[in-house]
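Just need the whole structure built from these sequences, with the hints factored in.
Residues per chain, in single letters:
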Amino acid sequence: MSAERAPATPTEHTAPPAPVTPVTPAPTAGRDGYLPVPVTGWGRTAPSAALLMRPRTHDEAVAAVHHCGSRGAIARGLGRAYGDAAQNAGGAVLDMTGLDRIRTIDAEGGVVVCDAGVSLHRLMEVLLPLGWFVPVTPGTRYVTVGGAVCADIHGKNHHVSGSFSRHVLSLELLTADGEVRTVLPGTELFDATAGGMGLTGVVLSTTLRLHPVQTSLMSVDTERTTDLDDLMARLTTGDDRYRYSVAWIDLLARGAATGRAVLTRGDHAPLDALPARARRRPLEFRPRRLPAPPGPVPGGLLGRTSVSVFNELWYRRAPRARRGRMQGIPAFFHPLDGVPHWNRVYGRGGFVQYQFVVGHGREEALREVVRRVAGRGCPSFLAVLKRFGEGDPGWLSFPMPGWTLALDVPAGLPGLDAFLDGLDQVVADAGGRVYLAKDSRLRPELLTVMYPGLDRFRALRARIDPRGVFVSDLARRLSL
Amino acid sequence: MKDAFGTPQTLLVLGGTSEIGLATARRLVARRARTVWLAGRPSPSLDSAADGLRELGADVRTVPFDALDPSGHEELLGKVFAEGDIDMVLLAFGVLGDQAHDEARPLAAVRVAQTNYTGAVSSGLICAGALQAQGHGSLVVLSSVAGERARRANFIYGSSKAGLDAFAQGLGDALHGTGVHVMVVRPGFVRSRMTAGMAEAPLATTPDQVARAIERGLRRRSETVWVPGVLRVVMSALRHVPRPLFRRLPV
Chain Y
1 MSAERAPATP TEHTAPPAPV TPVTPAPTAG RDGYLPVPVT GWGRTAPSAA LLMRPRTHDE
61 AVAAVHHCGS RGAIARGLGR AYGDAAQNAG GAVLDMTGLD RIRTIDAEGG VVVCDAGVSL
121 HRLMEVLLPL GWFVPVTPGT RYVTVGGAVC ADIHGKNHHV SGSFSRHVLS LELLTADGEV
181 RTVLPGTELF DATAGGMGLT GVVLSTTLRL HPVQTSLMSV DTERTTDLDD LMARLTTGDD
241 RYRYSVAWID LLARGAATGR AVLTRGDHAP LDALPARARR RPLEFRPRRL PAPPGPVPGG
301 LLGRTSVSVF NELWYRRAPR ARRGRMQGIP AFFHPLDGVP HWNRVYGRGG FVQYQFVVGH
361 GREEALREVV RRVAGRGCPS FLAVLKRFGE GDPGWLSFPM PGWTLALDVP AGLPGLDAFL
421 DGLDQVVADA GGRVYLAKDS RLRPELLTVM YPGLDRFRAL RARIDPRGVF VSDLARRLSL
Chain B
1 MKDAFGTPQT LLVLGGTSEI GLATARRLVA RRARTVWLAG RPSPSLDSAA DGLRELGADV
61 RTVPFDALDP SGHEELLGKV FAEGDIDMVL LAFGVLGDQA HDEARPLAAV RVAQTNYTGA
121 VSSGLICAGA LQAQGHGSLV VLSSVAGERA RRANFIYGSS KAGLDAFAQG LGDALHGTGV
181 HVMVVRPGFV RSRMTAGMAE APLATTPDQV ARAIERGLRR RSETVWVPGV LRVVMSALRH
241 VPRPLFRRLP V
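Going line by line, the protein sequences match chains Y and B.
Following my numbering, the numbering of the first sequence begins with 1 at its first residue and continues without gaps.
Following my numbering, the numbering of the second sequence begins with 1 at its first residue and continues without gaps.
Treat the hints with care, as some may be off.
To be verified - Dumping the calculated SDA-like pairs for lysine to any residue here, alpha-carbon to alpha-carbon at most 25 angstroms: (1) 79/B to 71/Y; (2) 79/B to 171/B; (3) 79/B to 69/Y; (4) 79/B to 468/Y; (5) 79/B to 51/B; (6) 79/B to 467/Y; (7) 79/B to 64/B; (8) 79/B to 466/Y; (9) 79/B to 132/B; (10) 79/B to 268/Y; (11) 79/B to 126/Y.
As the list claims (entries may be wrong) - Some, not all, of what chain Y presents toward chain B, calculated at C-beta under 7 angstroms: (12) 49; (13) 89; (14) 90; (15) 352; (16) 452; (17) 453; (18) 476.
Stated by the list, open to error - Here are some chain Y residues pointing at chain B (derived, C-beta under 10 angstroms): (19) 36; (20) 47; (21) 88; (22) 248; (23) 309; (24) 332; (25) 350; (26) 391; (27) 439; (28) 440.
No lab work stands behind these hints: they were computed from the structure.
This structure is a prediction, so every number in the text was calculated from the model and none was measured.
Think of the CB as a built atom: it goes at the ideal place given N, C-alpha and C, for glycine as much as any other residue.
Structure (structure tokens):
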């Protein structure tokens with residue numbers, strides 16, 4: 001049975017605005033009269049100016065691509081890519097949040113068809129009451145479905161469920177020739193698009209398989225680990241018992257405590273596990289949000305001392321071991337979403353997120369990176385370790401079976417560029433890679449080493465987009 | 001493209017034999033810069049400067065550029081930008097002149113002004129336009145503390161730098177919000193060929209220190225960079241010294 005839903009009206013759009021203020025030109029009006037606006041990624045580094053177009057229909061998207069001019073176009077969702085993946089200096093940036101309709105929901109089979117600009121937040125609002133959850137969610141709900149495909153995002157359930165595109169049943173893709181193609185998994189174009197950073201075309205809509213849930217609560221086990229080896233051992237032996245698993249690491253702890261962590265793992269709580277009061281509305285989803293930090297925040301707020309104190313408290317606050325605690329979806333998956341524009345706390349200089357993966361058997365590389373970060377005292381309050389499952393078919397997909405670590409660092413830290421280059425080398429030597437959706441600084445030479453599928457990707461792009469219509473600052477910087 | 005730390009991949013140095021320009025290029029090549037354009041009057045020293053950077057692994061190209069011939073700037077710089085994006089333009093040309101000599105020969109003084117100011121106005125505007133069209137990039141302008149307040153000892157040079165400095169500040173404001181970043185660099189006394197044999201001023205610096213300050217300024221997206229940094233304080237005090245007193249100061 002298929003339930004047709006009325007298209008969402010703009011007023012129902014509850015996702016927060018994208019970090020840039022979108023102008024709303026009719027794309028058919030062309031470039032004239034629209035001023036370029038500076039655009040940055042979530043890390044707020046390296047701004048570049050582009051014409052922001054906001055198509056509201058598939059036809060307008062086709063027209064926008066047609067009129068984008070000689071410096072090409074790139075699609076942009078809610079701007080959560082940390083680096084320059086959704087920037088296009090001197091060209092056009094298509095703000096896809098105007099394409100925000102949920103088209104059909106199969107409430108029995110668990111399949112949704114929606115436009116690319118629909119956020120995971122919106123999907124949760126609509127789907128949870130029907131007993132369905134998005135198959136994969138990253139650390140924020142404020143990403144669009146189109147962005148999720150193009151970055152081939154992963155979540156805390158990668159070891160069980162793989163990346164986002166594994167749950168995509170088909171895509172509508174607008175390619176450089178102006179055609180809208182239906183792209184199915186298993187085809188070359190699909191594998192180039194999943195993780196392809198929007199460079200194969202504009203994803204217009206997606207058919208997605210969902211995950212059934214009985215409640216909107218999570219049953220969570222928390223434990224503290226004393227050091228990195230303890231953490232890795234627990235992740236290795238215990239992860240198969242949990243659908244979701246993630247560890248927060250204190251990267252400022254040194255010596256014997258290097259790599260101490262808080263490990264949280266859990267699954268969707270079954271109905272009978274709920275306390276009686278919650279059983280009345282088991283599928284309720286009402287996330288709360290705090291006020292955003294003010295616009296101008298002085299830089300250097302997150303120094304080594306303040307982050308050390310935070311990390312110490314965060315670690316001590318966590319229970320040594322606690323089982324079966326009930327947590328809402330926002331608290332378990334998206335704690336930072338409660339603070340809109342939290343990226344502002346890094347001040348004017350912005351920040352970079354460094355996320356890499358190394359395969360099983362390459363744990364020494366992970367230890368080396370953790371040692372170096374701890375030894376240097378990088379003030380990173382957000383460092384997350386996770387164990388990936390099977391790799392995904394996308395040619396530029398990030399995950400591979402092994403260990404992934406993500407850490408945020410203020411960009412203004414002296415010598416950080418050379419330091420991260422050093423980490424890249426450790427990662428590349430171990431056969432690992434860094435995540436393009438987070439990258440803003442990789443040395444281009446290392447890209448081919450890290451992504452063996454890059455040659456095929458380049459060849460396919462040269463074939464289907466010979467004029468280079470789809471281009472981004474990321475693509476220019478790394479010669480994708 | 002520049003990375004998150006403002007480090008460029010392609011670089012155009014106007015004044016391709018400038019010691020500060022080359023010191024900066026060397027630093028940036030050691031980071032991300034792979035393509036360097038050296039613009040200057042054709043000479044063996046321009047060629048050897050290019051070779052020096054090639055040895056560091058950069059792809060270096062030279063273009064004939066004469067600050068005193070503004071009528072040729074548009075075509076020449078147009079060709080450079082037509083080859084591909086330039087992430088950073090370093091406006092590094094300039095002459096010091098000889099104050100005593102130039103005071104006696106006004107045409108020589110005019111040459112200093114034309115090189116340092118007029119040549120920079122034309123090439124600076126052309127580069128700014130090209131950077132704006134590509135939607136990103138930094139224009140780094142080498143000014144001088146000499147432009148901050150005219151001194152008896154070098155007011156011809158100082159006034160030309162004062163003009164350049166004001167021009168660059170205004171250009172920076174004009175380009176605010178366009179994705180293009182204009183940075184004014186104000187070094188103090190720099191030990192280099194230009195100042196060889198001169199009595200050294202306090203707080204003297206080196207081309208390499210200026211280069212380091214430029215790299216830091218790029219990372220911070222600074223609008224003004226003093227080298228050394230303490231000059232910002234020193235000059236803000238000196239700026240308010242009454243003229244009868246300033247005249248007699250040994251600066």
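Results of checking the hints against the structure:
1. At most 25 angstroms may separate the alpha-carbon atoms for a hinted pair to count; residue 79/B and residue 71/Y meet this at roughly 18 angstroms.
2. As the CA atoms of residue 79/B and residue 171/B are separated by approximately 22 angstroms, the hinted pair is consistent with the 25 angstroms bound.
3. Distance check on the hinted pair: residue 79/B and residue 69/Y sit about 20 angstroms apart at the alpha-carbon level, within 25 angstroms; holds.
4. With a C-alpha separation of about 21 angstroms, the suggested pair residue 79/B and residue 468/Y falls inside the 25 angstroms cut-off, and the hint holds.
5. With a C-alpha separation of about 22 angstroms, the suggested pairing of residue 79/B with residue 51/B holds against the 25 angstroms cut-off.
6. The suggested pairing of residue 79/B with residue 467/Y holds, with an alpha-carbon distance near 21 angstroms, which does not exceed 25 angstroms.
7. Taken as a hint, the residue 79/B and residue 64/B pair is honoured in the structure, with Cα atoms around 11 angstroms apart against an allowance of 25 angstroms.
8. At roughly 24 angstroms between alpha-carbon atoms, residue 79/B and residue 466/Y fall within 25 angstroms of each other, so this suggested pair holds.
9. Of the supplied pair hints, the one linking residue 79/B and residue 132/B holds, its CA atoms being roughly 16 angstroms apart against a limit of 25 angstroms.
10. Between residue 79/B and residue 268/Y the CA atoms are separated by roughly 61 angstroms; this puts the pair beyond 25 angstroms, and the hint is violated.
11. Using a Cα cut-off of 25 angstroms, the hinted pair residue 79/B and residue 126/Y is violated, with the two alpha carbons roughly 55 angstroms apart.
12. Because the closest C-beta pair between residue 49/Y and chain B is about 3 angstroms apart, less than 7 angstroms, the hint holds.
13. A distance limit of 7 angstroms between C-beta atoms decides the matter here; for residue 89/Y the minimum to chain B is near 3 angstroms, and the interface restraint holds.
14. Taken as an interface hint, residue 90/Y checks out: its beta carbon lies about 3 angstroms from the nearest beta carbon of chain B, inside 7 angstroms.
15. The criterion of a C-beta within 7 angstroms of any C-beta in chain B is met by residue 352/Y, whose closest approach is roughly 5 angstroms, and the hint holds.
16. About 23 angstroms separates the beta-carbon of residue 452/Y from the nearest beta-carbon of chain B, more than 7 angstroms, and the hint is not met.
17. Given hint, residue 453/Y at the interface with chain B, is violated; its Cβ is 22 angstroms from that chain's nearest Cβ, farther than 7 angstroms.
18. With a least beta-carbon distance of about 5 angstroms to chain B, the hint placing residue 476/Y at the interface is held under the 7 angstroms criterion.
19. Interface restraint check for residue 36/Y: the shortest CB-CB distance to chain B comes to about 6 angstroms, inside 10 angstroms, so the restraint holds.
20. Look at residue 47/Y: its Cβ gets to within about 6 angstroms of chain B, closer than 10 angstroms, so that hint holds up.
21. At its closest, the beta carbon of residue 88/Y sits 8 angstroms from a beta carbon of chain B; the interface hint therefore holds under the 10 angstroms criterion.
22. Violation of the interface hint for residue 248/Y is found here, the shortest Cβ-Cβ separation to chain B being roughly 24 angstroms, above the 10 angstroms cut-off.
23. The interface hint given for residue 309/Y is broken, as the beta carbon of that residue sits about 26 angstroms from the closest beta carbon of chain B, more than 10 angstroms.
24. A least Cβ separation of about 30 angstroms between residue 332/Y and chain B goes past the 10 angstroms threshold, and the interface hint is therefore violated.
25. Hint status for residue 350/Y relative to chain B: holds, with the closest Cβ pair at about 7 angstroms, below 10 angstroms.
26. Given hint, residue 391/Y at the interface with chain B, is violated; its Cβ is 27 angstroms from that chain's nearest Cβ, farther than 10 angstroms.
27. Taking 10 angstroms as the C-beta cut-off, the interface hint given for residue 439/Y holds, the closest approach to chain B being about 9 angstroms.
28. Contact between residue 440/Y and chain B, as hinted, is supported at the beta carbon level, the nearest pair being about 4 angstroms apart and thus within 10 angstroms.
The structure is inconsistent with the numbered hints 10, 11, 16, 17, 22, 23, 24, 26, although it conforms to all the rest.
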